[in-house]
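Peer 1: Here are the chains, one letter per residue:
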Amino acid sequence: MLTIARATYDAIVAHALRDHPDEACGVVAGPEGSDRPERFVEMVNAAGSPTFYEFDSTDLFQLYKEMDANGEEPVVVYHSHTATEAYPSRTDIGLASEPNAHYVLVSTRDSFTDGGNNDGPVEFRSYRIVDGEVTEEEVTVVDELPPSN
Amino acid sequence: MAIEVRIPTILRTYTGGEKAVTAEGASLTALIDDLETNHPGIKDRLVENGDLRRFVNVYVNDEDVRFIGGLDAELSDGDQVVVLPAVAGGAR
Chain D
1 MLTIARATYD
11 AIVAHALRDH
21 PDEACGVVAG
31 PEGSDRPERF
41 VEMVNAAGSP
51 TFYEFDSTDL
61 FQLYKEMDAN
71 GEEPVVVYHS
81 HTATEAYPSR
91 TDIGLASEPN
101 AHYVLVSTRD
111 SFTDGGNNDG
121 PVEFRSYRIV
131 DGEVTEEEVT
141 VVDELPPSN
Chain X
1 MAIEVRIPTI
11 LRTYTGGEKA
21 VTAEGASLTA
31 LIDDLETNHP
41 GIKDRLVENG
51 DLRRFVNVYV
61 NDEDVRFIGG
71 LDAELSDGDQ
81 VVVLPAVAGG
91 AR
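Quick mapping for you: the protein sequence lines, in order, are chains D and X.
Mapping of the first sequence onto this note's numbering: residues 1 to 149, in sequence order.
Mapping of the second sequence onto this note's numbering: residues 1 to 92, in sequence order.
Keep in mind that the hints were calculated from the coordinates and are not lab data.
Glycine included, each C-beta is placed from N, C-alpha and C at the ideal position.
Be careful, since some hints might not be right.
[To be verified] Reference excerpt, derived from the structure (chain X facing chain D, CB under 7 angstroms, subset only):
(1) 59
(2) 85
(3) 88
For reference, chain D alone in the conformation it holds in the complex (with noise of 0.2 angstroms):
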């Protein structure tokens, strides 16, 4: 199960809204081992394509360096996909090297509709990919992430 903050969660809706029809990506980080997303971190999508997302390889490089550097990974990585479901493509199973991650899939395909109104509804799901294995997993938005141990 993914506990994700009400905050956070309408950071990448936003997110995804403000990039549609391109693609949107980023991660939350969060202390390792702690499956607590803290710390919103928005990417720019390099490839700047409506199928398609990768991370700029010298940001990749230098958010995992911060990462490091504060004991942090990457407890959510987010993209969105514009035109199809939030499940996770061929593409998207092949290429999660983050066995640890929440990967979140949001779809902005019904958002549009209605020349360009923002009010339609924007799906928002999560899940496990593991050696090619996709496992859905439930979201639970909370007002505030419950104090760590």
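Given chain D's structure and the hints, the job is docking chain X onto it.
Peer 2: Here is chain X on its own, set in the frame of chain D:
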């Protein structure tokens, strides 16, 4: 000649869980061959058809090796090599 190589989570199955290992080589190719000797199987995860895999990034002292010669990038004692899988995907 000792070069520290940082290993990403997904490849730590090859290094017995170690986050960083030491290897030797005057070029990235030689370094990867040396890694393969001690961690069999890892080379195939980094190299494909004689080139760095498209969705694997390797950095030497903070620089993406694609900008400094790719597999031919030269290495010296004390360099730090970081391997990071691309974070990529998409509906396509």
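Peer 1: Return the numbers of the hints above that this structure violates; sort them in rising order.
Peer 2: Hints that this structure does not satisfy do not exist here, as all of them hold.
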